[in-house]
Amino acid sequence: DAGITQSPRHKVTETGTPVTLRCHQTENHRYMYWYRQDPGHGLRLIHYSYGVKDTDKGEVSDGYSVSRSKTEDFLLTLESATSSQTSVYFCAISALTGTYEQYFGPGTRLTVT
Amino acid sequence: DQQVKQNSPSLSVQEGRISILNCDYTNSMFDYFLWYKKYPAEGPTFLISISSIKDKNEDGRFTVFLNKSAKHLSLHIVPSQPGDSAVYFCAAYSGNTPLVFGKGTRLSVIA
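Here the protein sequences line up with chains A and B, keeping their order. For the first sequence, the numbering used here begins at 20 and goes up steadily by one. For the second sequence, the numbering used here begins at 161 and goes up steadily by one.
Source of the hints: derived by calculation from the structure; they are not laboratory data. Please read these numbers as outputs of a predicted model, since none were measured by experiment. Any given hint could be a false lead.
Covered stretches of chain B (chain A as the covering partner; in silico rule of three or more C-beta atoms under 8 angstroms from a C-beta of chain A) [stated by the list, open to error]:
#, segment
1, 177 to 186
2, 204 to 217
Computed cross-link-like contacts, DSBU-like style, restricted to lysine-lysine with a CA-CA straight-line distance of at most 30 angstroms [as the list claims (entries may be wrong)]:
#, chain 1, residue 1, chain 2, residue 2
3, A, Lys89, A, Lys72
4, A, Lys30, B, Lys197
5, B, Lys228, B, Lys216
6, A, Lys76, B, Lys231
7, B, Lys216, A, Lys76
8, B, Lys228, B, Lys165
9, A, Lys76, A, Lys89
10, B, Lys231, B, Lys216
11, B, Lys197, B, Lys231
12, A, Lys76, B, Lys197
13, B, Lys214, B, Lys165
14, B, Lys214, B, Lys228
Quick reminder that beta carbons are idealized off the backbone N, C-alpha and C, glycines included.
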């Protein structure tokens, strides 16, 4: 299994509070991604990174920001959490072009009350 | 606008029979396709892939077929086993753009 961890694994927070989710990899892969999974929507890309300090927006980036200061860590921040951001968040990594065979972390279940 | 569509949200199959999961795409620039499998409370795991230069790829009980003219691919699982019960995601990409995922199909294999 690819060495990907996500923290926290579960979090409950209140509307309007900032939240940061962390993804850590031990594979030294160049590409990292954040997805959210919601019923009826499948996996939707939030942001991705193609190198340290190099990031780009995905399909559903509004309300989210990311940072990557080290190869191994990719942070997802909800500046002011809303109930619509209640979801399961997955981090993924890939080595080559950025899209072949991504490996996913175990997920973080976030509930915004 | 959905570029990758899995039109069947769920599928039930008896153990030992064939499971066929379908996926349609609209972007003719897609040149690589993947299937992922997801169990509850776990991240998706890569299952099998196919390049657009092929029309079939096989790995044990899993075979993916690609019909480029119809913009359609399918995943065949033979024989189906109870452990195959999961959500299956189809994904596609072109060039250096990120993967585009379908909404998933929940497969239930009944013993």
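Comparing the hints with the structure gives:
1. Only residues whose beta carbon comes within less than 8 angstroms of a beta carbon in chain A count, and the segment 177 to 186 of chain B has 0; fewer than three means the coverage is violated.
2. Coverage of the segment 204 to 217 of chain B by chain A holds. Counting CB-CB distances below 8 angstroms, 4 residues qualify, and the rule asks for three or more.
3. With a C-alpha separation of about 8 angstroms, the suggested pairing of lysine 89 (chain A) with lysine 72 (chain A) holds against the 30 angstroms cut-off.
4. A distance of roughly 25 angstroms separates the Cα atoms of lysine 30 (chain A) and lysine 197 (chain B); the hinted pair therefore holds under the 30 angstroms criterion.
5. Distance check on the hinted pair: lysine 228 (chain B) and lysine 216 (chain B) sit about 11 angstroms apart at the alpha-carbon level, within 30 angstroms; holds.
6. As the CA atoms of lysine 76 (chain A) and lysine 231 (chain B) are separated by approximately 27 angstroms, the hinted pair is consistent with the 30 angstroms bound.
7. For the hint pairing lysine 216 (chain B) with lysine 76 (chain A), the CA-to-CA distance comes to about 33 angstroms; that exceeds 30 angstroms, so the pair is violated.
8. At most 30 angstroms may separate the alpha-carbon atoms for a hinted pair to count; lysine 228 (chain B) and lysine 165 (chain B) meet this at roughly 15 angstroms.
9. Taking the CA atoms of lysine 76 (chain A) and lysine 89 (chain A), the gap is near 19 angstroms; set against the 30 angstroms cutoff, the hint holds.
10. Among the hinted pairs, lysine 231 (chain B) with lysine 216 (chain B) is consistent with the structure: their alpha-carbon atoms are about 14 angstroms apart, no more than 30 angstroms.
11. In summary, the hint linking lysine 197 (chain B) to lysine 231 (chain B) is supported, as the alpha carbons are separated by about 21 angstroms, within the 30 angstroms threshold.
12. Distance restraint check for lysine 76 (chain A) and lysine 197 (chain B): the Cα-Cα separation of roughly 25 angstroms lies within the 30 angstroms cut-off, and the hinted pair is therefore satisfied.
13. Among the hinted pairs, lysine 214 (chain B) with lysine 165 (chain B) is consistent with the structure: their alpha-carbon atoms are about 21 angstroms apart, no more than 30 angstroms.
14. About 9 angstroms separates the Cα atoms of lysine 214 (chain B) and lysine 228 (chain B), which keeps this hinted pair within 30 angstroms; it holds.
Of the hints listed earlier, those the structure fails to meet are numbers 1, 7, in rising order.
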